[in-house]
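Chemist: Please take these sequences and the hints and turn them into a complete structure.
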Amino acid sequence: MAVRIVKSACPTRREPRFRTLKVASLRAINRVAVDNLLTIAAALVSAVLAASVALALRIRSERASVRRMSLTVDAAEARYRALVERLPLIVYEDEPNEYSSSVFISPQTTEMLGYTPQEWASDPELFVKLLHADDREQSLRQLASTAAGEGWTSEYRLIARDGRVVWIRDTGICVADGAGTPLSYQGYMEDVTEQKLAELATHESERRFREILERVQLIAVMVDRTGLITFCNDHLLRLTGWTREELLGRNWY
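First residue of the sequence shown: 99, per our numbering; consecutive thereafter.
Simulated crosslink set (DMTMM-like; lysine to aspartate or glutamate; CA at most 20 Å straight-line):
#1 Lys227 - Asp289
#2 Lys227 - Glu191
#3 Lys294 - Glu253
#4 Lys227 - Glu209
#5 Lys294 - Glu304
#6 Lys227 - Glu196
#7 Lys227 - Glu193
#8 Lys294 - Asp232
#9 Lys227 - Glu288
#10 Lys227 - Glu217
#11 Lys227 - Asp260
#12 Lys294 - Asp233
#13 Lys227 - Glu253
Label-pair ranges, simulated between beta-carbon atoms:
#14 Pro205 - Ile257: 17 to 25 Å
#15 His230 - Ala277: 34 to 42 Å
#16 Gly276 - Asp322: 44 to 52 Å
#17 Asn195 - Val290: 21 to 29 Å
If you are wondering where the hints come from, they were derived from the structure by calculation, not from laboratory data.
Positions of the beta carbon are idealized from the N, C-alpha and C atoms, including for glycine.
Modeler: Written out as C-alpha coordinates, the structure is:
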(Lines of atoms letter the chains of each structure in order from A and count residues from 1; the text may use other names and numbers.)
(Lines give C-alpha, C1' and ligand atoms only; values in the text may rest on other atoms or scores of the structure.)
Protein backbone atom coordinates (compact mmCIF):
# COMPACT_ATOMS: atom_id res chain seq x y z
CA MET A 1 0.00 0.00 0.00
CA ALA A 2 1.43 3.32 -0.94
CA VAL A 3 1.76 6.09 1.65
CA ARG A 4 0.86 9.63 0.50
CA ILE A 5 2.37 12.52 2.32
CA VAL A 6 0.14 15.58 2.48
CA LYS A 7 1.61 18.99 3.43
CA SER A 8 -0.05 20.83 6.30
CA ALA A 9 -2.08 23.90 5.45
CA CYS A 10 -0.38 25.84 8.27
CA PRO A 11 2.73 27.67 7.13
CA THR A 12 5.98 27.02 8.85
CA ARG A 13 8.25 29.71 10.28
CA ARG A 14 10.44 29.46 7.25
CA GLU A 15 7.71 30.03 4.76
CA PRO A 16 6.98 33.49 3.35
CA ARG A 17 3.34 33.27 4.37
CA PHE A 18 4.29 33.04 8.05
CA ARG A 19 6.54 36.04 7.79
CA THR A 20 3.74 38.02 6.12
CA LEU A 21 1.27 37.16 8.89
CA LYS A 22 3.81 38.10 11.56
CA VAL A 23 4.46 41.48 9.98
CA ALA A 24 0.74 42.12 9.63
CA SER A 25 0.14 41.25 13.28
CA LEU A 26 2.95 43.53 14.44
CA ARG A 27 1.59 46.36 12.33
CA ALA A 28 -1.87 45.87 13.82
CA ILE A 29 -0.43 45.92 17.33
CA ASN A 30 1.61 49.02 16.55
CA ARG A 31 -1.46 50.80 15.19
CA VAL A 32 -3.39 50.02 18.36
CA ALA A 33 -0.50 51.22 20.52
CA VAL A 34 -0.12 54.37 18.46
CA ASP A 35 -3.87 55.01 18.65
CA ASN A 36 -3.75 54.56 22.42
CA LEU A 37 -0.78 56.88 22.73
CA LEU A 38 -2.51 59.47 20.56
CA THR A 39 -5.65 59.20 22.69
CA ILE A 40 -3.62 59.63 25.88
CA ALA A 41 -1.66 62.52 24.39
CA ALA A 42 -4.86 64.21 23.26
CA ALA A 43 -6.33 63.82 26.74
CA LEU A 44 -3.17 65.27 28.32
CA VAL A 45 -3.16 68.17 25.88
CA SER A 46 -6.83 68.87 26.65
CA ALA A 47 -6.16 68.74 30.38
CA VAL A 48 -3.16 71.06 30.06
CA LEU A 49 -5.12 73.46 27.88
CA ALA A 50 -8.03 73.45 30.31
CA ALA A 51 -5.70 74.07 33.25
CA SER A 52 -3.90 76.81 31.32
CA VAL A 53 -7.17 78.51 30.43
CA ALA A 54 -8.37 78.27 34.05
CA LEU A 55 -5.05 79.67 35.30
CA ALA A 56 -5.13 82.48 32.75
CA LEU A 57 -8.69 83.38 33.75
CA ARG A 58 -7.73 83.30 37.44
CA ILE A 59 -4.69 85.50 36.84
CA ARG A 60 -6.80 87.89 34.80
CA SER A 61 -9.42 88.01 37.56
CA GLU A 62 -6.79 88.60 40.24
CA ARG A 63 -5.15 91.33 38.18
CA ALA A 64 -8.51 93.00 37.72
CA SER A 65 -9.12 92.71 41.46
CA VAL A 66 -5.70 94.22 42.19
CA ARG A 67 -6.42 97.07 39.75
CA ARG A 68 -9.77 97.71 41.43
CA MET A 69 -8.14 97.67 44.86
CA SER A 70 -5.41 99.98 43.63
CA LEU A 71 -7.98 102.39 42.23
CA THR A 72 -9.91 102.20 45.50
CA VAL A 73 -6.78 102.93 47.53
CA ASP A 74 -5.81 105.77 45.18
CA ALA A 75 -9.30 107.25 45.45
CA ALA A 76 -9.27 106.97 49.25
CA GLU A 77 -5.83 108.58 49.41
CA ALA A 78 -6.98 111.38 47.12
CA ARG A 79 -10.04 112.02 49.31
CA TYR A 80 -7.89 111.97 52.44
CA ARG A 81 -5.39 114.42 50.97
CA ALA A 82 -8.18 116.69 49.78
CA LEU A 83 -9.70 116.65 53.27
CA VAL A 84 -6.36 117.33 54.95
CA GLU A 85 -5.59 120.19 52.58
CA ARG A 86 -8.94 121.87 53.31
CA LEU A 87 -8.46 121.91 57.08
CA PRO A 88 -7.28 125.20 58.63
CA LEU A 89 -4.48 123.23 60.29
CA ILE A 90 -0.99 121.97 59.55
CA VAL A 91 -1.07 118.18 59.58
CA TYR A 92 2.35 116.59 59.96
CA GLU A 93 4.37 113.43 60.47
CA ASP A 94 7.88 113.81 61.86
CA GLU A 95 10.77 111.50 62.56
CA PRO A 96 11.32 110.84 66.29
CA ASN A 97 14.77 112.43 66.34
CA GLU A 98 16.27 115.44 68.10
CA TYR A 99 15.22 117.78 65.28
CA SER A 100 11.72 116.34 64.76
CA SER A 101 12.55 116.21 61.04
CA SER A 102 9.56 116.39 58.73
CA VAL A 103 8.38 113.29 56.85
CA PHE A 104 5.09 114.83 55.70
CA ILE A 105 3.57 118.24 56.23
CA SER A 106 0.41 119.62 54.65
CA PRO A 107 0.39 122.62 52.28
CA GLN A 108 -1.17 124.95 54.88
CA THR A 109 2.35 125.52 56.19
CA THR A 110 2.96 127.79 53.20
CA GLU A 111 0.13 130.14 54.16
CA MET A 112 0.64 129.92 57.92
CA LEU A 113 4.44 130.15 58.09
CA GLY A 114 5.65 131.00 54.58
CA TYR A 115 7.59 127.73 54.12
CA THR A 116 6.57 125.10 51.57
CA PRO A 117 6.37 121.34 52.25
CA GLN A 118 9.39 120.92 49.98
CA GLU A 119 11.44 123.26 52.18
CA TRP A 120 10.47 121.28 55.26
CA ALA A 121 11.48 118.03 53.56
CA SER A 122 14.83 119.39 52.38
CA ASP A 123 15.86 120.89 55.74
CA PRO A 124 15.70 118.38 58.64
CA GLU A 125 16.41 121.14 61.19
CA LEU A 126 13.82 123.65 59.98
CA PHE A 127 11.45 123.08 62.91
CA VAL A 128 14.21 123.78 65.44
CA LYS A 129 15.30 126.86 63.48
CA LEU A 130 11.78 128.31 63.50
CA LEU A 131 11.19 127.78 67.22
CA HIS A 132 11.20 130.98 69.26
CA ALA A 133 14.38 131.16 71.32
CA ASP A 134 12.41 131.35 74.58
CA ASP A 135 10.40 128.22 73.71
CA ARG A 136 13.02 126.05 72.01
CA GLU A 137 14.48 124.18 74.98
CA GLN A 138 11.17 123.42 76.65
CA SER A 139 9.46 122.29 73.43
CA LEU A 140 12.28 119.94 72.41
CA ARG A 141 12.52 118.56 75.93
CA GLN A 142 8.81 117.78 75.94
CA LEU A 143 9.07 115.95 72.62
CA ALA A 144 12.07 113.94 73.78
CA SER A 145 10.32 112.93 77.00
CA THR A 146 7.11 111.78 75.31
CA ALA A 147 6.90 108.02 75.68
CA ALA A 148 5.79 105.72 72.87
CA GLY A 149 2.03 105.71 72.50
CA GLU A 150 1.57 108.88 74.56
CA GLY A 151 0.16 112.15 73.30
CA TRP A 152 0.74 115.80 74.06
CA THR A 153 -0.73 119.26 73.68
CA SER A 154 1.69 122.16 73.88
CA GLU A 155 1.90 125.81 72.94
CA TYR A 156 4.96 127.53 71.53
CA ARG A 157 5.97 130.25 69.11
CA LEU A 158 7.34 129.84 65.60
CA ILE A 159 8.94 132.60 63.56
CA ALA A 160 7.36 132.89 60.10
CA ARG A 161 9.38 133.72 57.00
CA ASP A 162 8.19 137.35 57.11
CA GLY A 163 9.25 137.69 60.77
CA ARG A 164 5.81 137.31 62.32
CA VAL A 165 5.58 135.49 65.64
CA VAL A 166 2.98 132.74 65.26
CA TRP A 167 1.57 131.09 68.35
CA ILE A 168 1.06 127.36 67.73
CA ARG A 169 -1.04 124.85 69.63
CA ASP A 170 0.52 121.49 68.81
CA THR A 171 -1.48 118.30 69.43
CA GLY A 172 0.19 115.01 68.61
CA ILE A 173 1.09 111.46 69.54
CA CYS A 174 4.23 109.33 69.46
CA VAL A 175 3.48 106.33 67.22
CA ALA A 176 5.38 103.15 68.12
CA ASP A 177 5.72 99.58 66.89
CA GLY A 178 4.75 96.46 68.83
CA ALA A 179 8.03 96.50 70.73
CA GLY A 180 7.46 100.08 71.91
CA THR A 181 10.07 101.63 69.63
CA PRO A 182 9.02 105.13 68.47
CA LEU A 183 8.32 105.26 64.74
CA SER A 184 7.09 108.81 64.21
CA TYR A 185 5.41 111.87 65.67
CA GLN A 186 1.98 112.50 64.15
CA GLY A 187 -0.28 115.44 64.85
CA TYR A 188 -1.52 118.85 63.82
CA MET A 189 -0.67 122.49 64.52
CA GLU A 190 -3.23 125.26 64.98
CA ASP A 191 -2.55 128.97 64.62
CA VAL A 192 -3.82 130.37 67.94
CA THR A 193 -2.06 133.73 67.66
CA GLU A 194 -5.21 135.85 67.98
CA GLN A 195 -6.48 133.85 70.94
CA LYS A 196 -3.10 133.94 72.65
CA LEU A 197 -2.67 137.67 72.12
CA ALA A 198 -6.14 138.24 73.57
CA GLU A 199 -5.22 136.14 76.62
CA LEU A 200 -1.97 138.03 77.08
CA ALA A 201 -3.79 141.35 76.75
CA THR A 202 -6.32 140.23 79.38
CA HIS A 203 -3.56 139.15 81.74
CA GLU A 204 -1.73 142.43 81.25
CA SER A 205 -4.93 144.38 81.89
CA GLU A 206 -5.55 142.40 85.07
CA ARG A 207 -1.97 142.98 86.19
CA ARG A 208 -2.26 146.73 85.74
CA PHE A 209 -5.63 146.79 87.50
CA ARG A 210 -4.16 144.90 90.46
CA GLU A 211 -1.25 147.35 90.61
CA ILE A 212 -3.68 150.25 90.76
CA LEU A 213 -5.71 148.59 93.53
CA GLU A 214 -2.52 147.94 95.49
CA ARG A 215 -1.59 151.62 95.38
CA VAL A 216 -4.88 153.19 96.40
CA GLN A 217 -5.58 153.74 100.11
CA LEU A 218 -8.90 151.98 99.87
CA ILE A 219 -10.05 148.44 100.57
CA ALA A 220 -10.09 146.49 97.33
CA VAL A 221 -11.50 142.99 97.15
CA MET A 222 -12.37 140.73 94.22
CA VAL A 223 -14.75 137.79 94.64
CA ASP A 224 -15.99 135.09 92.30
CA ARG A 225 -19.64 134.22 91.61
CA THR A 226 -19.88 132.17 94.79
CA GLY A 227 -18.55 134.98 96.96
CA LEU A 228 -15.09 133.52 97.54
CA ILE A 229 -12.28 136.06 97.76
CA THR A 230 -9.87 135.85 94.82
CA PHE A 231 -7.98 139.11 95.44
CA CYS A 232 -7.40 141.56 98.25
CA ASN A 233 -5.02 144.51 98.36
CA ASP A 234 -2.35 145.36 100.89
CA HIS A 235 -4.42 148.18 102.40
CA LEU A 236 -7.03 145.65 103.57
CA LEU A 237 -4.30 143.47 105.06
CA ARG A 238 -2.84 146.44 106.95
CA LEU A 239 -6.21 147.43 108.35
CA THR A 240 -7.26 143.94 109.41
CA GLY A 241 -3.93 142.36 110.29
CA TRP A 242 -4.80 139.28 108.29
CA THR A 243 -2.49 137.68 105.82
CA ARG A 244 -3.34 137.21 102.18
CA GLU A 245 -3.28 133.43 102.65
CA GLU A 246 -5.91 133.73 105.40
CA LEU A 247 -8.27 135.76 103.23
CA LEU A 248 -7.97 134.17 99.79
CA GLY A 249 -10.57 131.46 99.31
CA ARG A 250 -12.77 132.65 102.19
CA ASN A 251 -16.37 133.72 101.65
CA TRP A 252 -16.61 137.51 101.67
CA TYR A 253 -20.26 137.44 102.66
